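Enquirer: Each protein sequence line maps, in turn, to chains A and B. Residues 4 to 116 in our numbering are what the first sequence lists, from first letter to last. Residues 739 to 853 in our numbering are what the second sequence lists, from first letter to last.
You may find that some hints are simply not true.
Restricting the straight-line Cα-Cα distance to at most 30 Å, the calculated cross-link-like pairs of lysine-lysine (DSS-like) are [what the hints assert, rightly or not]:
{"hint": "1", "chain 1": "B", "residue 1": "K816", "chain 2": "A", "residue 2": "K39"}
{"hint": "2", "chain 1": "B", "residue 1": "K811", "chain 2": "A", "residue 2": "K47"}
{"hint": "3", "chain 1": "B", "residue 1": "K816", "chain 2": "A", "residue 2": "K74"}
{"hint": "4", "chain 1": "A", "residue 1": "K39", "chain 2": "B", "residue 2": "K835"}
{"hint": "5", "chain 1": "A", "residue 1": "K43", "chain 2": "B", "residue 2": "K808"}
{"hint": "6", "chain 1": "B", "residue 1": "K793", "chain 2": "A", "residue 2": "K43"}
{"hint": "7", "chain 1": "A", "residue 1": "K43", "chain 2": "A", "residue 2": "K25"}
{"hint": "8", "chain 1": "A", "residue 1": "K47", "chain 2": "A", "residue 2": "K74"}
{"hint": "9", "chain 1": "A", "residue 1": "K25", "chain 2": "A", "residue 2": "K39"}
{"hint": "10", "chain 1": "B", "residue 1": "K808", "chain 2": "A", "residue 2": "K55"}
{"hint": "11", "chain 1": "B", "residue 1": "K811", "chain 2": "A", "residue 2": "K70"}
{"hint": "12", "chain 1": "A", "residue 1": "K43", "chain 2": "B", "residue 2": "K811"}
{"hint": "13", "chain 1": "B", "residue 1": "K816", "chain 2": "B", "residue 2": "K835"}
{"hint": "14", "chain 1": "B", "residue 1": "K811", "chain 2": "A", "residue 2": "K44"}
{"hint": "15", "chain 1": "A", "residue 1": "K70", "chain 2": "A", "residue 2": "K39"}
{"hint": "16", "chain 1": "B", "residue 1": "K808", "chain 2": "B", "residue 2": "K835"}
{"hint": "17", "chain 1": "A", "residue 1": "K74", "chain 2": "B", "residue 2": "K808"}
{"hint": "18", "chain 1": "A", "residue 1": "K22", "chain 2": "A", "residue 2": "K12"}
{"hint": "19", "chain 1": "A", "residue 1": "K25", "chain 2": "A", "residue 2": "K47"}
{"hint": "20", "chain 1": "A", "residue 1": "K47", "chain 2": "B", "residue 2": "K808"}
{"hint": "21", "chain 1": "B", "residue 1": "K793", "chain 2": "A", "residue 2": "K25"}
{"hint": "22", "chain 1": "B", "residue 1": "K816", "chain 2": "A", "residue 2": "K25"}
{"hint": "23", "chain 1": "A", "residue 1": "K74", "chain 2": "A", "residue 2": "K25"}
{"hint": "24", "chain 1": "A", "residue 1": "K25", "chain 2": "B", "residue 2": "K808"}
{"hint": "25", "chain 1": "B", "residue 1": "K793", "chain 2": "A", "residue 2": "K12"}
{"hint": "26", "chain 1": "A", "residue 1": "K55", "chain 2": "B", "residue 2": "K816"}
{"hint": "27", "chain 1": "A", "residue 1": "K22", "chain 2": "A", "residue 2": "K43"}
{"hint": "28", "chain 1": "B", "residue 1": "K835", "chain 2": "A", "residue 2": "K47"}
{"hint": "29", "chain 1": "A", "residue 1": "K22", "chain 2": "A", "residue 2": "K70"}
{"hint": "30", "chain 1": "A", "residue 1": "K39", "chain 2": "A", "residue 2": "K12"}
{"hint": "31", "chain 1": "A", "residue 1": "K43", "chain 2": "B", "residue 2": "K835"}
{"hint": "32", "chain 1": "A", "residue 1": "K55", "chain 2": "B", "residue 2": "K835"}
{"hint": "33", "chain 1": "B", "residue 1": "K811", "chain 2": "B", "residue 2": "K835"}
Hint data in this document are derived by calculation from the structure and do not stem from the laboratory. Predicted model, so just to flag it, every value in this text is computed and none were measured.
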Amino acid sequence: DTAVSQTPKYLVTQMGNDKSIKCEQNLGHDTMYWYKQDSKKFLKIMFSYNNKELIINETVPNRFSPKSPDKAHLNLHINSLELGDSAVYFCASSQGNKGETQYFGPGTRLLVL
Amino acid sequence: AQTVTQSQPEMSVQEAETVTLSCTYDTSESDYYLFWYKQPPSRQMILVIRQEAYKQQNATENRFSVNFQKAAKSFSLKISDSQLGDAAMYFCAYRSKNTGNQFYFGTGTSLTVIP
């Protein structure tokens, strides 16, 4: 029944490692997003995909690479993790310009040691 | 770019009382969407209420209502009969109808409900 799901929920890893966070939505939406929420709770968009095409690519390090195998999935791969990458990462989806509301996943708390 | 400002980092309210969270935004567009999201300690982002700019009527969802002042670019959230479960971080958000699928979020207001 979960609309937008993310795995894992928690991720603790060492600096320099490569990790991926997966996101899936079963709402039939055509647009998906990745947000980063820092320790001050500020929510910043990172990427947005519409029908598997990248449409928003904010200024984030090249170490972050989104991958959308299909409309229902948008995964986030992070190379060479740094301490500053520690944050909560949210996936969200919406129905393009028709369904204006974004539905968020539960978030993935990433801690880089 | 559009900006969304929440000037109250923290607010508190007594249980059963009413509280208003403020939000202002900056835009040159005439048609857009505004939202309030709630983020409880569980970290889940939950849609509370939304407003379409072209609609004059203020949106209402049970105990939650907004005061949308388009000319003043103000979009405040009123929570009536506050409950302990309302304690959360509240984010105001703006979405353009013209510039793609970008959402702009405010910095959030942390609401404490005092029993």
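Enquirer: State the violated hints by number, sorted upward, taking the hints as numbered earlier in the document.
Expert: Failing hints, ascending: 3, 6, 10, 11, 17, 21, 22, 24, 25, 26.
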